[in-house]
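Letter by letter, the chains look like this.
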Amino acid sequence: MDDALSTPTRPLSRRGIERLDLMLLCAEALDLNGGEAMVWLSEEMGFTTLFPNRVELWKRRCCNPLRRSTRRDALPEPEADALIRILIALADRLYPMLRSLLSTAEPPAITEQRWALFRSRLAELLRERFNLRRGGVQRLLDPEQGPALSRELIQCMAFSAGPGGFDRLKASLMDAS
Amino acid sequence: MKLTSRYEQTSCRLVLEGLPDLSAGHDGQTLGILTGFTLALAGRTELEGKREHLLALMAVVLPYARHLLSGLPRAFGAADEPVAISPGDGGSHTLELRSSQPGTPPLSLQLDDAELADLVRCLDQLRLDPRLALGLAVSPTQPLRRRELRHRQPLAQRLAAPLAGAGTLAVVAALLALLPPTPRPGSSVAPATAVTRAR
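In the order they appear, the protein sequences are chains U and W.
First residue of the first sequence? That's 117 in this note's numbering, and the numbers climb one at a time after it.
First residue of the second sequence? That's 376 in this note's numbering, and the numbers climb one at a time after it.
Note that these hints are calculated values from the structure, not bench results.
No residue lacks a Cβ here, since even glycine has one placed at the ideal position from N, Cα and C.
Keep in mind that a hint or two might mislead.
Simulated coverage check for chain U against chain W, where a stretch passes if three residues somewhere in it have a Cβ under 8 Å from a Cβ of chain W [what the hints assert, rightly or not]:
(1) 211-220
(2) 271-284
If we take Cβ atoms under 7 Å as the criterion, some of the chain W residues that face chain U in the derived model are [claimed, not checked]:
(3) A440
(4) S445
(5) A492
(6) T516
(7) P518
Derived contacts from chain W toward chain U, CB cut-off under 8 Å, selection only [claimed, not checked]:
(8) L443
(9) D487
(10) R496
(11) R502
(12) L503
(13) R520
With the rest of the complex left out, here is chain U:
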């Protein structure tokens, strides 16, 4: 059955691009090989014409205004779609980890350790690559607001994981900002 999104063609909202890049960053925080997996998946899924190498892939992610090095170019729809497909494939690979973070059946102490490890890795990546003067980045790093915001990102990845999540996630990333 076709999973194509039947909406008018328009670019992702600015908030959509931010969320997409942040979820890709979460994938890197969950898996130390996440960056390599992204490049490998891009090749496996036939996106080399859009992203011939890892630099081109990185450049598209830099359309996120929260980044330290940000580009003013709009993210064309074919490239946005490709990044979304790479993300949901990553989320599919990482689904057991996403699930273990979200499950209430796991022992609370273990769950808290997993969250603490994920948040610390995410914070490292944010400090390394993102503009720390931006409010969105500060909220993610804030000890009060950060945990809920990072949980939302993990929840989004879990509900988008796999091919069936494409239209659901894309529609959400195209919400009016």
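With chain U fixed as given, assemble chain W onto it according to the hints.
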């Protein structure tokens, strides 16, 4: 020629049983007529249903997950529908299943995020299975409009900008009112004309 399609994801197992619809030209491996399904969720009692229950399940669970993605948890499923889902306490999700048998109370299941994600993935697998020809269409997924997203922001935050603007305008108007009035144009022109005539 009974056919079975099985979709599993960790805590969720969904099994469809049916037959090919030979009158529609289906081959022997295409499930075109659904005779029933079973759904096992989170180790609870296995549920059974027919096509209308499966359609109802997809019609509420998938849009519910879609709204969660946008940070807008809301209930789906009207009071007269066999399935409903709504946000529960502490971030859980309440799935309510209403029997068509009179006098049977509804069954309410509390799912956490992980269990709901498992159910969503099973329904996605079903939706995308090319071996099924059951016409289980779901409404196309749409981006949410600004008015639907308005309620995601607390009222105080939404009103902050317009109130700040109105307040600034009031302060500026008050300051302008305190300035001394500027002289009228007539009183400054008359002395210059008198000097010119005297020359």
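Hints and how they fare:
For the stretch 211-220 of chain U, the stated coverage by chain W holds: 7 residues have a C-beta nearer than 8 Å to a C-beta of that chain, and at least 3 were required. Against chain W, the stretch 271-284 of chain U contributes 12 residues with a C-beta closer than 8 Å to a partner C-beta. That satisfies the three-residue criterion, and the hint holds. Restraint check, A440/W versus chain U: the minimum CB separation of about 5 Å is within 7 Å; hint holds. Using the Cβ-Cβ criterion of 7 Å, the hint placing S445/W at the interface with chain U is satisfied: the shortest such distance is roughly 5 Å.
With a least beta-carbon distance of about 4 Å to chain U, the hint placing A492/W at the interface is held under the 7 Å criterion. Hint status for T516/W: holds, given a least beta-carbon distance of 4 Å to chain U, under 7 Å. At its closest, the beta carbon of P518/W sits 4 Å from a beta carbon of chain U; the interface hint therefore holds under the 7 Å criterion. Taking 8 Å as the C-beta cut-off, the interface hint given for L443/W holds, the closest approach to chain U being about 6 Å.
Contact between D487/W and chain U, as hinted, is supported at the beta carbon level, the nearest pair being about 4 Å apart and thus within 8 Å. Given the 8 Å rule on beta carbons, the hint for R496/W holds: about 6 Å separates it from the nearest Cβ of chain U. Residue-level restraint check for R502/W holds (minimum Cβ-Cβ distance to chain U is 5 Å; threshold 8 Å). The closest approach between the C-beta of L503/W and any C-beta of chain U is roughly 5 Å, which is under the 8 Å cut-off, so the hint is satisfied.
Hint on R520/W holds. Least Cβ distance to chain U is approximately 6 Å, under the 8 Å limit.
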